[in-house]
Amino acid sequence: MLEEQDIRAFVYGTTCYFEVAAQQAASVGSPYLVTQGAPEIHDYTGVISVSGRRNGIVYFSAPRGMLTVLLMKMNESNVSHEYMCDLVGEVANTIAGNVRRDFGKDFAISVPTVVTGEGKTVELPAGSRPVVIPINWRSHVAKLVVCLK
Amino acid sequence: MAANARAPRSPLKLLIVDDSNVIRRRIERCQQTEHLQVVGLAANGVEAIEVFRRTAPDVVTMDITMPQMDGIECVERLVAIKPDVLILIISALADKATAVEAMEKGANGFLNKPFSDRQLNEALEELIGGA
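First to last, the protein sequences are chains H and X. Position one of the first sequence corresponds to residue 1 (our numbering), numbered consecutively onward. Position one of the second sequence corresponds to residue 1 (our numbering), numbered consecutively onward.
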């Protein structure tokens, strides 16, 4: 079960990502626990598997529009499907990697896998309960889902 | 955290290693130091060694979490090939133990992702001693 300080580490990682990479802060909504099923995902979702001190997954899910602007803010003119997939995986990887500042080296993370298509769900580890961290950036809404045991 | 400072006369050759195409292109585009010239790009450690042997770079930016061969192992192998290569780790892994491990394997600097253009250029300038 995630503790408040664990969630705070992910919130900090998320805000830090947008502040530095996109030079524009995101506002992070109140995290909430999903008690039934899995949260629906947006157009692009980067999934990181976690092992070691914690087990489970962390995923960042965003609509195409947000990723397009994010790429443009990085001065990237290529906003193709391939680059959307690349970016969403990189965001998930960066946020998950940054929490090792708090969790330590035993918080092992995988390379990202990417799921595309809105309205789907990501398979969660059995018996786990995901925490959703809503992310508002410009006019776009995304989410970070942390599902760890 | 650069260790091997030196004053370059002609541009040093730079190899960029990261499994993200977006990040590779960003580093290539953002690095503005006149002391560096990009000679190669690689998406994992195995590819990096192949490009390294072919292009003999002086400076490498290296991700850690990559498929096939991670950046820590790759650093060790590159240093074995060319002991005076300058390696800047650019990684999301923000714990001190990982930075220490990378330095022990032969890396010369460490920059955390996410990074700004200014942070990247400062880290590269510090690495090559051109600041």
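Hints are supplied without guarantee of correctness; some may be wrong.
[Unchecked claim] Within a straight-line C-alpha distance of at most 27 Å, the following computed DSSO-like cross-link-like pairs (lysine-lysine) qualify:
(1) X:K105 with X:K82
(2) X:K82 with H:K149
(3) H:K105 with X:K13
(4) X:K105 with H:K105
[Stated by the list, open to error] Partial list, derived from the structure: chain H residues whose beta carbon lies under 10 Å from chain X:
(5) E4
(6) A22
(7) L71
(8) M74
(9) G89
(10) R101
(11) G104
(12) P112
Derived by calculation from the structure, the hints in this document are not laboratory data. Model, not experiment: these values are computed from the prediction. Think of the CB as a built atom: it goes at the ideal place given N, C-alpha and C, for glycine as much as any other residue.
Problem - H:L71 as chain X interface residue, shortest Cβ-Cβ below 10 Å - result: Cβ of H:L71 sits 7 Å from chain X, so the hint holds.
Exercise for the section: Assess, step by step, whether the Cα of H:K105 is no farther than 27 Å from the Cα of X:K13, and give holds or violated. Expected result: violated (32 Å)
Handout entry: Hint validity - H:R101 Cβ closer than 10 Å to any chain X Cβ
Key = holds (4 Å)
Exercise for the section: Let me know if the C-beta of H:A22 comes in closer than 10 Å to any C-beta of chain X, holds or violated. Expected result: Result: holds, 9 Å to nearest chain X Cβ.
Practice task
Would you check the hint for X:K105 and H:K105, treating anything up to 27 Å between C-alpha atoms as holding?
Solution key: Judged against 27 Å, a Cα distance of about 16 Å means the pair holds.
Exercise for the section: Under 10 Å, Cβ to Cβ, is where H:G104 needs to be relative to chain X, so tell me if that hint holds or is violated. Expected result: holds (6 Å)
Practice task
For the pair supplied as a hint, X:K105 and X:K82, confirm whether the alpha-carbon distance does not exceed 27 Å.
Solution key: Holds. X:K105 to X:K82 sits at ~13 Å (cutoff 27 Å).
Handout entry: Cut-off 10 Å, beta-carbon criterion: hint that H:G89 touches chain X
Key = Holds: closest Cβ of chain X sits about 7 Å from H:G89, inside 10 Å.
Problem - Interface hint compliance - H:E4 to chain X, C-beta minimum distance less than 10 Å - result: violated (20 Å)
Handout entry: Given hint H:K149 paired with X:K82 - CA-CA distance at most 27 Å
Key = violated (43 Å)
Handout entry: Closest C-beta approach of H:M74 to chain X relative to 10 Å, hint status
Key = Holds. Min distance 6 Å.
Handout entry: Interface hint status, H:P112 versus chain X (Cβ within 10 Å)
Key = Given a least distance of 9 Å, the restraint on H:P112 holds.
This entry does not satisfy hints 2, 3 and 5, going by the numbered hints stated previously.
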